[in-house]
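Engineer: Protein chains in written order, with my numbering: chain A, 8 to 508; chain B, 8 to 508.
Treat the hints as calculated values from the structure; they're not laboratory data. Hints may contain errors.
Among the chain B residues that face chain A by a calculated CB cut under 8 Å, a handful are [stated by the list, open to error]:
| # | residue |
| --- | --- |
| 1 | P251 |
| 2 | G282 |
| 3 | S292 |
| 4 | G296 |
| 5 | V297 |
| 6 | F302 |
| 7 | G433 |
| 8 | S434 |
Idealized CB from N, CA, C, for every residue including glycine.
Protein chains: 2
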Amino acid sequence: MSKKIDVTELILRDAHQSLMATRMAMEDMVPACENIDKAGYWSVECWGGATFDSCIRFLNEDPWERLRQFRKLLPNSRLQMLLRGQNLLGYRHYEDTVVDHFVEKAASNGMDVFRVFDALNDIRNVRRSVQAVKRAGKHAQGTICYTVSPLHTVPAFVEFAEQLVEMGCDSLCIKDMAALLKPQPAYELVKAIKAACGKEMRVHVHVHATTGVTLVSLMKAIEAGADCVDTAISSLSLGPGHNPTESLAEMLQGTGYHTELDKERLRKIKEHFAGVRPRYKEFLSDITGVETDIFDSQIPGGMISNMESQLKQQGAGDKLKAVLEEVPNVRKVAGYPPLVTPSSQIVGTQAVFNVMMGDYKVLTGEFADLMLGYYGTTIGPRDQKIVELAANQTKKDRITCRPADTLKPEWEGLRSMALALKGCDGSDEDVLTYAMFPQVAPKFFSTRHEGSKNLGKDPSKAPAPAPAPASGDAGKGPVQTTVAYEIKLNGKTTKVTVSPA
Amino acid sequence: MSKKIDVTELILRDAHQSLMATRMAMEDMVPACENIDKAGYWSVECWGGATFDSCIRFLNEDPWERLRQFRKLLPNSRLQMLLRGQNLLGYRHYEDTVVDHFVEKAASNGMDVFRVFDALNDIRNVRRSVQAVKRAGKHAQGTICYTVSPLHTVPAFVEFAEQLVEMGCDSLCIKDMAALLKPQPAYELVKAIKAACGKEMRVHVHVHATTGVTLVSLMKAIEAGADCVDTAISSLSLGPGHNPTESLAEMLQGTGYHTELDKERLRKIKEHFAGVRPRYKEFLSDITGVETDIFDSQIPGGMISNMESQLKQQGAGDKLKAVLEEVPNVRKVAGYPPLVTPSSQIVGTQAVFNVMMGDYKVLTGEFADLMLGYYGTTIGPRDQKIVELAANQTKKDRITCRPADTLKPEWEGLRSMALALKGCDGSDEDVLTYAMFPQVAPKFFSTRHEGSKNLGKDPSKAPAPAPAPASGDAGKGPVQTTVAYEIKLNGKTTKVTVSPA
């Protein structure tokens, strides 16, 4: 008998996060929702830190309203979110009552499945949010951040899986944000987890496509007993994104495994996003092929495109390769953290600093905190010289307790700060928005009434390539008609035509 | 013990044929040859019908000279070519002595491995060339064109494989030009062939990447006992092309299989072609992602990009989808031929005619010949009504014999026609060039002395987007010196200097 393999569709969250810098506007997703709802997915991932951030930072869109809309548009679907454990959707640890409030509000606004992870796989950092999810009667998925290092062995991952199950997680997820999970390790890891945690314990597998091998890894994970895999509809797949949903479905034909996805609906979803994609051309990742160098640098898909655009903004686009090569060094110094938000940003930014200014000449505040234990514990020892450097620079102590234990109750304080902001509606949701992104929320609250912005552009309205200059016409007399010039722009000479305004 | 998996590198033939319309100039390949030669490939595919055609049609390059150059540049490598059986590198059947001459000359100019196929899997159409390869002391690889139809069962393919082995082939190839080979059928087919032909009989697997599933199929083929798989270096892979060589190598880690490819050399080959690729932008396939609709249309990767550009030239780019949908119908009428050169072109062009002018209102000469048996026999019966239509239109009889048996000796005739052409050097190679492409060879012979053309273009010399006119400043008077302006470009204000051209 053929085993049904469940599928989580990523198009509404991780696919556009990885491929178009999380810029997709809600109105570009709405028309596909009916088909997504009825295609037969196990769950639809649609919310997370970057989508929340992008909503208020770029799209002038209320992320809570987006969630409520999804709830209405996807009545038959499990809505799924990615939650950064004690970090929630932000970049720091929150005190426990904020965690409780956040999970409660996400649940009451419609979230069903909470994929909870900690960037360091520190069990202490996921406990509070898992407990809150259970209390809300929702599905708590405990997440193992997959990475490769001398210390990340199958037994080490299995031990963490067992801790997650013991904590009450309803399912487990192997999260391979950097496409490092090769077929044989995928097989062995799923097999070992199933053996240790019982075959009834659901195992989900999330992989990116960046290195080109991970559809094979999904096949092997399925053969080892995985219950659900994550994919994205083909028109917004591959590169730093994910394996195509349709390919996964076709791949299984005759294997003893099958999905129950509706092929016609998948086609319609594909066609919809194929139409949307060109409108976000300016945000699309330059990477469309595979990049096996990532097996060395270990940087997750979503991070590469962010790093690319950060370096370009600093006029250092040519340094990308050097930075990618520095990342493994920084990682070793930090005790081999997996690279996922926020550790990917912290390690990545320190790698940028090391390349631009010399090794550890400047420590970012976040990197210093990581070295001092303020994000939790890492699997390996941290480099003592850099820990001392961090302590000296920040005048902070090294800690070994659960980081959130150092925090004082903060809900009431956050609440009064949020309520003082112009445009804040006084809801707990608004307080949470402020708590997650205190730098961005004030402006968002004040402009929210203007409505959401769509950053997609009609590609047919993009400026056309300049025609070749009409030779010999320039300089003959007063400029009354279109004339050709040579223009020096950022040091490059370009021939252009100029017409009277 | 881990089994070594051999790899055939496709970058010098099928990769640029499938992704950039076969336009790559020899000089863009030369710098990578040393690394290719030393990377540890089983063979390097570098020659075939489209490369030969493109050389004389577009690149003013002698394909025989290209072969001799490869022989010098790749002294340690098996050079491999794709040979269309009795069609050689052309689009019609040749009389047997032409086949003998061609194979002999290809061998004496440096070819080692001849992958011989017939588009219809008609064993009678490959016999003469396989015999010629054996006589030349070279490696004859018998090829099974893979396709999907109600009649293309594993036993049917195995029967054909046995005929190829019986004929004396040194190895077998499963050739999946349309990326239709799914993992489980790949496993079953390789297993069955090995069982029937003996496990010492080498099985090579050639797949395209178009549908996104075929790296998994390679994994399964390897598990079933395949000896060698075809891949292309990552910077010119995927889409209608092939799976990335580096991903194949990484995928196998820990599986009990391994390649012995040199990772550092692969990186250098990748970087070289990553640099070449943008120069051929105008020829690059629009398709970069996966297309699972091909499981229905069954059109091979190389063919889609050709069809796209043909339809665009006729101003009917919007008809691509309708044509793709018509192809399976035409295929059924023709008795389910696999779709590969020339059957893909014949079926594809008839599908275009059916869509543009109505079903079978006009039959192409080639399609009529296919229906009447002039390309050989198909696995299924052909539609009798259309066979009659073909007979009436062409005033030709239906034949059932080996098509080449209807041909009269033609070598001397071809030779005297070739020698009469301006610029023909009188060599057998030139006669064969003329024989393959009688329409194109005359012009090539006459321009050969001008040397080869490189159609790649420096992307930095592409025209820049036109800036918006400088508001208010233009039209004030003659521009005689360099002046600074603020120019609004895509909504951003930029300071530039303007000089008379």
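Engineer: Could you check if G282 (chain B) really has its C-beta closer than 8 Å to a C-beta on chain A?
Structural biologist: Since the shortest Cβ distance to chain A is 14 Å, the answer is violated.
Engineer: Against chain A, run the beta carbon of P251 (chain B) and see if the smallest gap drops under 8 Å.
Structural biologist: Status holds, d = 5 Å.
Engineer: V297 (chain B) was flagged as interface toward chain A. Is the shortest Cβ-Cβ separation under 8 Å?
Structural biologist: holds, 5 Å
Engineer: Would the stated hint for S434 (chain B) survive a check requiring a Cβ distance to chain A of less than 8 Å?
Structural biologist: violated, 41 Å
Engineer: Mind checking the CB of G296 (chain B) against every CB in chain A and telling me if the closest is under 8 Å?
Structural biologist: holds, 6 Å
Engineer: Does S292 (chain B) pass the interface hint, meaning its C-beta sits closer than 8 Å to a C-beta of chain A?
Structural biologist: Result: violated, 12 Å to nearest chain A Cβ.
Engineer: Against chain A, is G433 (chain B) within 8 Å by beta-carbon distance?
Structural biologist: violated, 45 Å
Engineer: Would the hint on F302 (chain B) be counted as holding, given a Cβ-Cβ threshold of 8 Å to chain A?
Structural biologist: holds, 6 Å
Hints 2, 3, 7, 8, counting from the list given before, are not met by this structure.
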